[in-house]
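The numbering used here puts the sequence shown at residues 1 to 115.
The set of hints was computed from the structure by calculation and includes no laboratory data. Think of the CB as a built atom: it goes at the ideal place given N, C-alpha and C, for glycine as much as any other residue. You may find that some hints are simply not true.
Claimed, not checked - Here are the in silico distance ranges between beta carbons for each label pair:
hint, residue 1, residue 2, range
1, E105, K5, 16 to 26 Å
2, D21, G112, 12 to 22 Å
3, L92, L27, 14 to 24 Å
4, L37, K8, 26 to 36 Å
5, S10, L57, 28 to 38 Å
6, G4, S99, 18 to 28 Å
7, L57, G112, 26 to 36 Å
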Amino acid sequence: MKIGKKEKGSVIIYSLEGRIDFHPFDLLDESVLQDALSSNRKYVILDFSELKYISSLGIRYIYDIKNKLTKQGIKFAIVKVSDAVIQVFKLLGLMETFSIFDKEEDAIRAFGVGN
1 MKIGKKEKGS VIIYSLEGRI DFHPFDLLDE SVLQDALSSN RKYVILDFSE LKYISSLGIR
61 YIYDIKNKLT KQGIKFAIVK VSDAVIQVFK LLGLMETFSI FDKEEDAIRA FGVGN
């Protein structure tokens, strides 16, 4: 798995590429959670457009990251999710738990901030 990062004003966007199954959780922790917490930014987006696969355990880890960020007052969204990944979210009953959008701009607008 590869993780990219870009910033749009007060929003950090992390792009996830490849697979999230049982092994890259420390990379997610370092590259997303710790980076976002130390950034002093209040908005985080995960871009799933290049994510090929995510296991239920991977979704659980994303859920944990979301909860840790929101406890610190950071708003969290996911964008560009494939139909296959959406099905995993649905099977786990987590569609309403996450803010999922088609485009970055939609998530940023939902945050109520300009870019």
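Here is how each hint holds up against the structure:
1. E105 / K5: 16 to 26 Å: For K5 against E105, whose Cβ atoms are near 18 Å apart, the range 16 to 26 Å holds.
2. D21 / G112: 12 to 22 Å: Violated, at about 34 Å.
3. L92 / L27: 14 to 24 Å: holds, 22 Å
4. L37 / K8: 26 to 36 Å: At 19 Å between Cβs, range violated.
5. S10 / L57: 28 to 38 Å: holds, 31 Å
6. G4 / S99: 18 to 28 Å: holds, 20 Å
7. L57 / G112: 26 to 36 Å: Cβ of L57 to Cβ of G112: about 32 Å, so the range 26 to 36 Å holds.
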